[in-house]
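Generate the whole structure from the sequences, applying the supplied hints.
Residue numbers (my numbering), protein chains in the order written: chain A, 13 to 346; chain B, 48 to 127; chain C, 5 to 460.
Simulated from the structure, these hints should not be mistaken for lab results.
Hints should not be assumed to be uniformly reliable.
Here are the simulated DMTMM-like pairs of lysine to aspartate or glutamate, each with C-alpha atoms no more than 25 Å apart in a straight line [stated by the list, open to error]:
id: 1; chain 1: A; residue 1: K247; chain 2: C; residue 2: D204
id: 2; chain 1: B; residue 1: K111; chain 2: B; residue 2: E58
id: 3; chain 1: B; residue 1: K113; chain 2: C; residue 2: E154
id: 4; chain 1: B; residue 1: K111; chain 2: C; residue 2: E413
id: 5; chain 1: C; residue 1: K169; chain 2: C; residue 2: D371
Some, not all, of what chain C presents toward chain A, calculated at C-beta under 8 Å [stated by the list, open to error]:
id: 6; residue: F165
id: 7; residue: Y167
id: 8; residue: T441
id: 9; residue: F445
By construction, the Cβ of each residue, glycine as well, lies at the ideal position given by its N, Cα and C atoms.
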Amino acid sequence: MKKNKPTRLYLKCMLLSLPFIALVALYIIKDPFMVIRHYRDYDHSDICQCEGSIGWFKYKMLRHRMHYDSFIMGSSCTKAFNTGDWNRYIHARPYRLFSNSEEMSDVNVKLEALYSQRNQQVKNLLIVAEKDFFTRTEPQGGVMHIMPPDVSGKSEITYQTTFLQGFFSPMFLWHFLKFHVTHRYEHCMRGIINDDGPTRTFYTNDAILPNETKISTEGEEYWDDKSWDNAKQHKFVWHEAPRTIYTAQIDYLNKMKELCQRHGTNVKIAIGPRLDKTAINHDDVNILKHIFGSRNVIDFSDKAHEKYSDYHNFYDNIHYRIILGRDMMKELYQ
Amino acid sequence: MEKTEVLATLEKIFSEVLKCPDIKLDYSMTTKDVDGWDSITNMMIISDVEKHYGIHLKLREIIKMKNVGGLCDVIMERAE
Amino acid sequence: MEFLSIPFTVFIVITILLYYAGKGKRWQHGLLLTASIIFIGYYHLQYLLYAIGITLFTFYAGKLLHKKKEDKSASWIFVGSLAVLVGVWLTARYWSPIFPLGISFYTFQALSYLIEIYWDEEPEESLLDFTLYMMLFMKFLSGPIERGYELLPQLKKAHAFDYDKAVYGLKLIAWGAFLKLVIADRIAPSLDSVLNNVRDATGAQLMQATMLYPIQLYADFAGYTHMAIGLGMIFGFKLSPNFDRPFVSLSTGELWRRWHQSLSFWVRDYVFMPLSAETRTLGRWGIYLSILVTFVAIGVWHGAGWTFALYGVFQGIVIIYETAATKFRDNIRGTFGDHIYRPLMMIRTYILFALSLLFFRVAKISDVFYTYRHIFDGMKTNIKEMRLGMGDQDWIVFGIAVVVMFIIEYINSRHNLIAWSAKCKVWQRWTMYVVATLLIFLFGAFGVENFIYIQF
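This is the structure in structure tokens:
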């Protein structure tokens with residue numbers, strides 16, 4: 013009689029969960045997101061990583077040796093801003109501490125964590141922003157955004173289980189397993205599997221830019237793909253996005269500014285251009301200038317900088333090139 | 048007053064309130080068994096019952112009524 | 005801990021293993037209490053302190069009330085106790101920096117407990133049993149709102165392991181997970197993007213989001229409820245149902261007998277009935293007034309702010325109309341016949357509910373009226389905007405899942421599918437288990453964090 017014996021149910025549940033248990037074991041062994049154990053080399057992963065977490069781990073690993081005192085923060089658009097180029101203006105010890113689709117609230121959380129590190133100065137902060145950068149007042153979660161416990165204040169359990177759940181998400185798991193079985197990269201794995209080789213430098217976390225090499229080799233052919241047609245045919249019309257900075261955001265920005273002022277941090281904000289010529293709302297820019305100072309905020313998406321939206325300045329429909337980044341820094345620090 | 052008489056009266060009251068002629072009730076019926084009899088129409092029925100018998104039911108009596116039979120019992124108790 | 009999270013999975017597995025490893029009521033109840041304390045405290049210690057405070061207050065207030073029931077002071081004790089409970093709840097809702105999760109649910113349980121004692125029920129003697137009644141973790145966050153006379157007797161004995169019940173519970177959990185992950189969480193980000201910023205959306209997007217929101221809300225809340233009830237079954241408890249196919253309702257009144265039943269029956273029994281009894285001398289107007297007050301209470305229970313009160317007012321006005329227009333509606337039914345009347349009424353009820361839910365969902369009243377004004381605007385919208393940021397595959401999965409949900413619920417209303425599946429052959433059952441697990445795993449939108457009703 014099968015009644016009244018939980019053992020039988022437990023065995024059946026275990027049988028049903030065997031594949032999941034096996035996957036958990038695989039996850040722990042492989043540690044694809046590189047968050048369970050510490051590593052010497054974070055820059056040669058097969059998997060697209062949580063850049064915020066990886067950047068933080070590297071910073072902690074190297075800070076006593078490198079004595080970083082200046083930081084570039086923002087989304088992956090920070091790839092256009094090389095610390096070497098930046099150092100010509102700031103003469104300091106810079107590090108690129110960026111994150112996937114980073115926003116204002118994520119920057120603030122990292123700043124607070126930096127200030128709380130022993131003997132950590134933040135002399136210079138370069139924020140690379142976009143039109144929606146200032147919307148959120150709470151840090152983002154999820155596998156691509158969550159920061160380690162000593163930054164986010166969340167528990168280690170929450171941090172680790174976020175990545176475990178990310179591992180189990182079918183979108184990730186399917187491509188991960190397929191890649192590890194076939195050892196072949198496919199286009200549909202983009203965003204999950206990293207086929208570009210090392211993506212960051214070791215000491216400064218600068219972006220390694222294979223697309224820049226491609227452009228040098230291919231020239232105009234680089235932009236031959238259909239995805240560039242709208243840009244090439246000048247179908248994009250310059251226009252402003254709706255306003256995003258209201259009372260809640262203004263309060264938040266003022267607190268950020270006070271925090272930076274208290275620690276003697278020199279803040280510069282660069283609002284990048286877009287291929288589709290969508291500019292940040294001018295009201296948002298005015299508010300930012302009022303809070304951080306008009307010399308410290310430059311909107312490179314505005315009408316005056318419309319030429320920056322030329323497709324030759326872009327690697328893809330989001331990321332602008334390092335040559336544009338250099339021009340932007342020059343204008344910001346002149 | 049016989050319980051059957053009360054039941055017959057209730058059938059008339061139910062028919063009027065629920066606008067459904069010739070409703071047939073039995074003592075075990077609840078709101079689930081009579082179409083249209085819900086918490087809203089229940090209070091209309093109670094109100095009409097009170098007017099008909101010249102009685103006033105307490106809240107606790109109304110709440111504790113589980114079915115038609117319960118309502119009959121309370122009416123018989125109060126109307127005597 | 006969210007139900008669908010790894011910490012909760014680990015927590016529940018350990019709790020179940022230990023529950024049936026020991027023997028006797030004391031062991032089981034001690035374990036459940038410990039588990040409930042861990043579950044509640046995991047979020048925030050303050051939530052635990054609120055829950056314990058209200059539990060202790062209610063327990064001793066109930067004993068005092070029963071002791072003094074023949075005394076003149078009974079009504080003062082009664083009113084005073086209710087005032088304290090409602091006062092604490094209102095303070096937490098309007099003034100506390102941290103809103104204690106679950107407080108709306110267990111406060112209503114506490115209120116119903118005291119009201120039943122005032123209406124001559126016996127108070128609970130065991131503080132441990134009462135604490136479990138109030139804080140049992142599986143129903144703590146979002147209900148169902150349990151009545152003392154339903155749950156307390158179940159706490160009077162130890163629960164021997166029942167294989168069939170446990171399996172039934174697991175299947176319910178799977179169904180709840182399907183609703184939550186495949187339907188609710190899939191559509192949530194897209195609807196949020198519109199309903200959080202209505203003034204940035206086109207008319208067609210507003211229409212789409214408004215009409216789809218009831219489905220998201222239902223799948224989210226019913227999904228949670230199924231999981232809560234399923235978990236209860238594994239531990240040997242029978243928790244109250246909360247939903248009964250609300251979208252087949254032919255009127256808003258009927259919808260509220262099928263939607264969030266534990267709440268609507270609570271306000272029916274403890275707000276509407278006493279109020280309508282007291283105002284019955286006013287005839288129909290007494291009934292209408294009671295309906296309005298009851299639904300404002302339902303609205304306000306959901307949240308601070310005028311939007312929630314207006315949500316309740318909207319429901320109340322529609323139900324008053326339906327009550328007043330019964331004859332007219334019956335005439336329409338007689339004229340057109342059920343084949344036309346029933347689908348028309350279902351659509352009408354759904355649309356009214358969807359429009360009313362804007363007060364529930366959208367932060368500002370002005371934004372609700374903005375939506376009403378613009379909902380028929382953008383018939384010229386292109387298909388790209390109608391995607392609401394979701395890919396074609398996501399829409400297909402969502403659409404099929406919603407149809408599957410309605411079909412399964414319809415069949416289940418006639419033949420209990422879970423009981424039927426237990427009678428299938430071993431290979432059939434295991435095929436269903438593996439397919440269900442794969443479907444949830446493959447098509448679930450993992451990553452959306454909170455149940456909507458957790459904020460109450």
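Structure-inconsistent hints, enumerated in ascending order: Of the numbered hints given earlier, those the structure breaks are 4 and 5, listed in rising order.
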